[in-house]
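Q: Dock chain one against chain two, each of which comes alone in its own frame, and use the hints as you go.
Chains as they are written, first to last, in this note's numbering: chain A, 1 to 131; chain B, 132 to 360.
Hints are computed from structural coordinates only; laboratory data are not their basis. Please note: incorrect hints may appear among the correct ones.
Restraint ranges, calculated between C-beta atoms of paired labels, are given here [what the hints assert, rightly or not]: (1) A/R124 <-> B/L355: 24 to 34 Å; (2) B/C146 <-> A/V27: 15 to 25 Å; (3) B/P332 <-> A/G28: 20 to 30 Å; (4) A/R124 <-> B/T184: 45 to 55 Å; (5) B/L242 <-> A/G62: 16 to 26 Å.
A few chain A residues that face chain B, going by a derived Cβ cut-off under 7 Å, partial list only [unchecked claim]: (6) Q30; (7) V48; (8) M51; (9) V64; (10) G67; (11) M80; (12) G89; (13) Q99; (14) A103; (15) C110; (16) G111; (17) S118; (18) A122.
It should be emphasised that the depicted structure is a prediction, and the values quoted were computed from it without experimental measurement. Backbone N, C-alpha and C fix where the C-beta goes; we use that ideal spot for every residue, glycine too.
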Amino acid sequence: MLGQWLWRWPGCCRRVAGAVCGALLLVGFQQAGEALALALAWPLPGPVLGMLLLWAALGLLGRVPAGLGLVAALLLAHLMLPLVPAVAGIAGQTSILRQHGIALLILCVCGTVATSLSAVAAYRLVDRYRA
Amino acid sequence: MTTTGAAMIWTGLSCMAYALAWLAQRRFGAHWFTLPVVSATALVLMVLWCTGTPDAQYAQATRWLQRLAGPGVVALAVPLYQQSGIWRGRYAAILAAVAAGCVTALVSGWLLGQMLGLPPALLLSLLPRSATMPMAMSAAAQVGGVPALAAAGVVVTGVVGSALVPPLLRRASWAEPATTALALGLVAHAIGIAKARQVVPQALALAALAMGLMGVLTVLLLPLLARWV
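The following block holds chain B by itself, in its conformation from the complex (with noise of 0.2 Å):
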């Protein structure tokens, strides 16, 4: 099969998978396993192995359909222009919440990774997991992490983040749509906010502005606590 055709077969099936996992979305009502990233992505893995294609074959023809995540992320400047208004008077309260979200995010993962005995390299790739990807994979790359383990735990933490964070503010019934939107992009980064566009899209720009500076805040202190460790 040529690139081109192997190209348009995979990007096609990857949006028909997320065009069913929409549909589903909208029949089911939200739940962690109705998010399109989760069954989209497990119908795509369904057909990779029962066609048995290599995984890196299908990242190869998938290129330009990742490449949108580009666009995707510029675009926030939209919602950050109109809804300007929502954080005049609580900068400080925002970036108090980036400060111990990025700390704890850190420290919870060294110390729950020392507990659970998982070898180095993989703890320091897990540690900025709550960055965005890019961020994440030259972070874990600077302080002697794997980058594609990185990209693993971003995922992780993305797909349970987003699942986890409503119900869990709900729980403490501390679920504002500001707060609900702050600790998505905070926690789950573009995961996140795809799942904040969905639940408080009148707080969008919140999440957008939460994973820039939790994943500024990242790369800045993740060399200070290896060098630390």
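Chain A extracted, bound-state conformation (with noise of 0.2 Å):
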């Protein structure tokens, strides 16, 4: 038993040490994208340039590490995690749900039916020429 555990030891270490890494690997991207996003003054947001540089980044080294994978796929399985706080602050506006709610529920269900429509009619008119 205690054996068993010895030699499994180490290779829990390194993957539990990739995971770690490649969560700072992570913040480290989107520090540098803000840092980018500032400097260049870009109405682009920190983190999507930052993702624009791992992409970069990982066509350079040709490969995904392993613990960035890791890390990447629990954070993607649960993306709507961090979005509740920010739905949840939509109840701070009580005086314009109250007033315009309606108005707002139907120009977003209506302009979402629009543009979801269009965007696709145009990509398979598009794509249909290349074929």
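A: This is how it looks when you write it as structure tokens:
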């Protein structure tokens, strides 16, 4: 039992260390993106720039480090969790919601239908000429 | 209550509400009301209402949880790299979709707002509703909108979009993985990407790409439209 545990220990340790490095990598690239956005005065948010930087770095590296893949899969599976407080923040806008809530909902529903249909129609139109 | 204690309690509660919402979605299947952002937020709002906690205090206490969204967006680089085969030879189609989607989002928002008689400040805040939240807030502030209202429009569009887009495309029989992911990322930004991760994980990179391009194009086009209006 103990022998088995000792046998597995280094591998387990390496995976945990890899995951910690992956998490640090994600935070580091976000910080780099934020610094870049600030330095260039671009209207892009730091995380989006960080995503582009990490994408370029992975392209140069030619593979996804195991630890990074592990952390990224975990974060992507639960992308909605950090959005919960942001969505709850809408309750702070009670006066606007009471006055214009229905209009806002109509605008968002109709706008969403029009936007998604026109985007997919354009995609299909151009994609057909490729073939 | 100390700030740290409040932060731990409210963050823990949000995670618990999310876990319950996640289990409910597994149990009852994917409907708009089982989308974890909707059901978990409803639970959180109920607790806030029952305990009489001000909304600002909850937002302050869950700052650290909200910061996780940043690394989550950076993590999208992994599917962007792994699924890079998916847009080979489709660059023109993707750009056309984003351009058409962005123009339609801005113009349809403006026309609908005029018809519904919305006040100008609210209307301008709702135009960038398909960009990600930080981009929409800064874009709205640039043209004379209100960032908080822009955030509300972004949230409502994200929830509505991720609920409506998959069944809408199925009804139009346009529901390939690529088009569904593209439309979700384009219309419903981060919430749509979370939905795409559930329904079309093999094309998640397209959703991430569409969100980024849509945000950039919205930031570029909105001042032009606002000047012309």
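Q: Hint by hint, say whether it matches the structure.
A: For each hint, the structure was consulted:
Separated by about 27 Å at the C-beta atoms, A/R124 and B/L355 satisfy the suggested range of 24 to 34 Å. At roughly 20 Å, the beta carbons of B/C146 and A/V27 sit within the given window of 15 to 25 Å. Between B/P332 and A/G28 the CB atoms are about 26 Å apart, so this pair conforms to the stated range of 20 to 30 Å. Distance hint check: the CB atoms of A/R124 and B/T184 are about 48 Å apart, consistent with the given range 45 to 55 Å.
Judged by the Cβ atoms, the range 16 to 26 Å given for B/L242 and A/G62 is violated: they are separated by roughly 48 Å. Interface restraint check: A/Q30 against chain B, minimum CB-CB distance 5 Å, threshold 7 Å, status holds. With 7 Å as the threshold, the beta carbon of A/V48 comes within range of chain B, its nearest partner Cβ sitting at about 6 Å, so the hint holds. At its closest, the beta carbon of A/M51 sits 5 Å from a beta carbon of chain B; the interface hint therefore holds under the 7 Å criterion.
For A/V64, the interface hint holds, the least distance from its beta-carbon to any beta-carbon of chain B being 6 Å, beneath 7 Å. The closest approach between the C-beta of A/G67 and any C-beta of chain B is roughly 11 Å, which is over the 7 Å cut-off, so the hint fails. For A/M80, the shortest C-beta to C-beta distance to chain B is roughly 4 Å, which falls under 7 Å, so the interface hint holds. Because the closest C-beta pair between A/G89 and chain B is about 6 Å apart, less than 7 Å, the hint holds.
Taken as an interface hint, A/Q99 does not check out: its beta carbon lies about 9 Å from the nearest beta carbon of chain B, beyond 7 Å. Taking 7 Å as the C-beta contact cut-off toward chain B, the hint placing A/A103 at the interface holds, the least distance being around 4 Å. Residue-level restraint check for A/C110 holds (minimum Cβ-Cβ distance to chain B is 6 Å; threshold 7 Å). Look at A/G111: its Cβ gets to within about 5 Å of chain B, closer than 7 Å, so that hint holds up.
Against a cut-off of 7 Å between C-beta atoms, the interface hint on A/S118 holds, since the closest Cβ of chain B lies about 4 Å away. Taking 7 Å as the C-beta cut-off, the interface hint given for A/A122 holds, the closest approach to chain B being about 4 Å.
In summary, the numbered hints that this structure violates are 5, 10 and 13.
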